[in-house]
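Q: Every position in the sequence shown, counted from 1, becomes a number in our numbering once 172 is added.
Watch out, some of these pointers could steer you wrong.
Unchecked claim - Keeping only pairs whose Cα atoms sit at most 25 Å apart, straight-line, the calculated BS3-like set for lysine-lysine is: (1) K656 - K573; (2) K462 - K579; (3) K551 - K410.
Unchecked claim - The calculated label-pair distances, taken between Cβ atoms and stated as ranges, are: (4) Q513 - W636: 48 to 56 Å; (5) N447 - A358: 55 to 63 Å; (6) Q351 - S428: 22 to 30 Å; (7) N447 - L566: 52 to 60 Å; (8) D634 - K677: 18 to 26 Å; (9) K677 - R473: 37 to 45 Å; (10) A251 - Q351: 25 to 33 Å; (11) E357 - V643: 39 to 47 Å; (12) H701 - N447: 20 to 28 Å.
Hints are computed from structural coordinates only; laboratory data are not their basis.
Given the structure is predicted, the values throughout are model-derived calculations rather than measurements.
Don't be surprised by glycine CBs; every beta carbon is placed ideally from N, CA and C.
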Amino acid sequence: SSQTTKSKTPNSPPVCANVGKIDNLEGKQTVIKNLYEKFFKRAFPLTVEKLGTVYTPVECVDFILHSVDEVLQSEFGAALTQENVHVLDPFTGTGTFITRLLQSGLIRPEDMVRKYRHDIHANELVLLAYYIADVNIESVFQEVCPQPEYLPYDGICLTDTFQLGENSDDDIFKHFFRQNSEAVEAQRRTPIRVIIGNPPYSVGQKSANDNAQNQSYPILDQRIAETYVAASTATSTKGLYDSYIRAYRWATDRLSPEDGGVVAFISNGAWIDGNSHDGFRASFEKEFDKIYVFNLRGNQRTSGELSRKEGGKIFGSGSRTPIAITLLVRYPEGRRLDQCQIFYHDIGDYLSREEKLRKITQAQSYRGLDWTHITPNEKHDWINQRDGLFDALLPLAPEKKFDAKAKSVFSTYSLGIATGRDAWAYAYAKSALSQNVSRMVEAYNSELERLKGLSEPPADIDSWVNNDAKVISWNRNLKELLVKKRSMLFDTAYIVPSVYRPFCKQFMYFEKDFNAMQYLQKKLFPTPHHKNLVICVSGLGGTKDFCTLIADMVSDLNNLHSGTQCFPLYWYEEKKG
């Protein structure tokens with residue numbers, strides 16, 4: 173509206189001047205990306221958390237595009253410029269991958285209009301990003317291929333990519349944008365040969381009060397269960413439902429089996445050597461013929477010398493996880509290889525973000541790198557492979573808890589307690605803890621009375637409840653308790669001493685409704701009067717050095733890193749009868 177335009181006018185000249193001074197297309201894309209990302213983080217932090225919104229450096233985008241084109245030429249005798257080589261960016265953001273494709277020179281001038289109108293597709297879930305991407309792509313097209321008349325871009329869809337594999341009736345935009353729905357259906361019918369992009373990385377949320385939990389996708393998650401989870405030996409497979417893992421599963425299933433194709437993502441790189449990702453890697457070995465993994469490192473969930481070796485973060489402050497560019501090549505049916513060929517390149521130690529981006533630019537594509545051929549072991553380790561000697565050692569924990577025949581040092585163990593609301597459940601002083609817990613219990617019971625006063629239950633309990641984090645801390649367990657209309661009681665008998673962090677004792681409210689997960693801690697320490705000793709060790713898959721402590725009280729899950737495991741001297745059982 174004119175009113176909206178007027179309100180923006182004071183801030184517009186500096187932005188326009190900034191973009192206007194840039195005389196190259198790459199620079200303009202970088203400015204658009206940075207402007208949008210900074211705005212989005214400040215304006216919609218919960219959306220960023222829910223969707224895992226991080227935008228890709230142009231250097232990485234260009235590397236991926238040139239690599240894909242060269243893979244198409246060498247493996248399929250095709251190219252991005254050819255007719256019916258359909259390209260999809262399923263998480264387009266501001267459209268950087270598509271705009272750089274148009275600017276790259278990889279599409280011949282005589283093919284540009286046809287590719288733009290028919291062969292290049294993009295999806296975006298966030299409405300603001302969708303509009304920016306649409307305008308961005310259209311303006312770049314006009315810049316690189318001037319037309320006498322304005323030519324709109326019809327290849328972008330406002331949709332949740334993961335939802336495309338679910339029941340089509342669940343499309344959240346279907347009933348509001350008919351033209352968009354037709355574009356979505358047309359895209360569904362299109363045989364996709366190339367899938368490129370930067371998948372969302374989010375899993376879960378920091379607090380249930382934010383009401384920013386990730387969407388569920390039953391059909392997609394079932395495919396993950398049938399493949400990545402089924403092939404895994406890990407005890408915890410929650411990470412296999414991370415959004416970026418879902419993106420790989422969705423993209424793998426979306427490629428045309430008759431034609432084969434390429435998936436090229438820049439994503440969280442934790443899967444490369446994560447213990448819980450063994451099934452993920454095993455599935456890649458079955459489902460693709462050639463794999464190129466360019467490890468950009470940057471894991472800042474480490475510390476000390478290891479953190480310095482990991483080097484700068486490719487996404488700057490946008491992500492603390494390790495990052496990798498992955499090229500997945502699948503041949504058409506009839507040409508599939510008996511064994512997948514895997515190639516790996518590590519960008520190197522102690523490199524700053526700028527040095528990494530410079531290396532990526534110098535390489536230009538995957539052909540500019542020296543690759544190490546990898547042969548996975550039987551455990552589907554690709555790097556840092558286990559030698560098998562570890563399996564001959566006596567395990568600490570049994571495969572099945574309380575198994576008298578277990579050939580392990582301990583017959584049971586428990587993870588440390590996860591309260592899900594540490595700020596409420598822990599305190600150095602008993603009086604402060606009592607005050608916090610009683611205040612939250614009172615707030616919960618107040619919500620319960622409000623619920624009981626309704627003639628019918630609310631359609632969405634998440635948005636109905638009071639989500640003020642200063643009043644109450646919600647999680648799934650507490651909302652289920654509310655739906656069941658069960659009240660809570662505060663009792664000082666549940667206040668117990670605990671080890672919150674190494675050499676840091678605090679009082680904790682040890683009550684099942686107030687704690688997200690107690691695991692078997694109640695069997696180890698039923699009350700403060702029941703004595704016990706536990707050996708606490710750091711959890712599996714940690715990036716920090718192994719460590720251990722001994723404790724004589726309840727231990728927090730994050731007492732030691734990666735999920736504290738507690739091995740007890742003995743456990744208590746309730747008397748029956």
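Q: It remains to establish, for every hint, whether it holds in the given structure.
A: Quick rundown of the hints versus the structure:
1. K656 - K573: violated, 31 Å
2. K462 - K579: Roughly 41 Å separates the two Cα atoms, so the pair is violated.
3. K551 - K410: Holds: K551 and K410 sit about 19 Å apart, inside 25 Å.
4. Q513 - W636: 48 to 56 Å: Given range 48 to 56 Å: holds, Cβ gap about 54 Å.
5. N447 - A358: 55 to 63 Å: Violated, since N447 and A358 (Cβ atoms, about 42 Å apart) do not stay within the stated range.
6. Q351 - S428: 22 to 30 Å: Holds - the Cβ-Cβ distance for Q351 and S428, about 26 Å, lies within 22 to 30 Å.
7. N447 - L566: 52 to 60 Å: Hint violated: Cβ distance 19 Å, outside 52 to 60 Å.
8. D634 - K677: 18 to 26 Å: violated, 35 Å
9. K677 - R473: 37 to 45 Å: Because 26 Å falls outside the window, the suggested range is violated.
10. A251 - Q351: 25 to 33 Å: About 31 Å separates the Cβ atoms of A251 and Q351, which means 25 to 33 Å holds.
11. E357 - V643: 39 to 47 Å: Given about 45 Å between the Cβ atoms, the range holds.
12. H701 - N447: 20 to 28 Å: violated, 38 Å
Of the numbered hints stated above, those contradicted by the structure are hints 1, 2, 5, 7, 8, 9 and 12, listed in ascending order.
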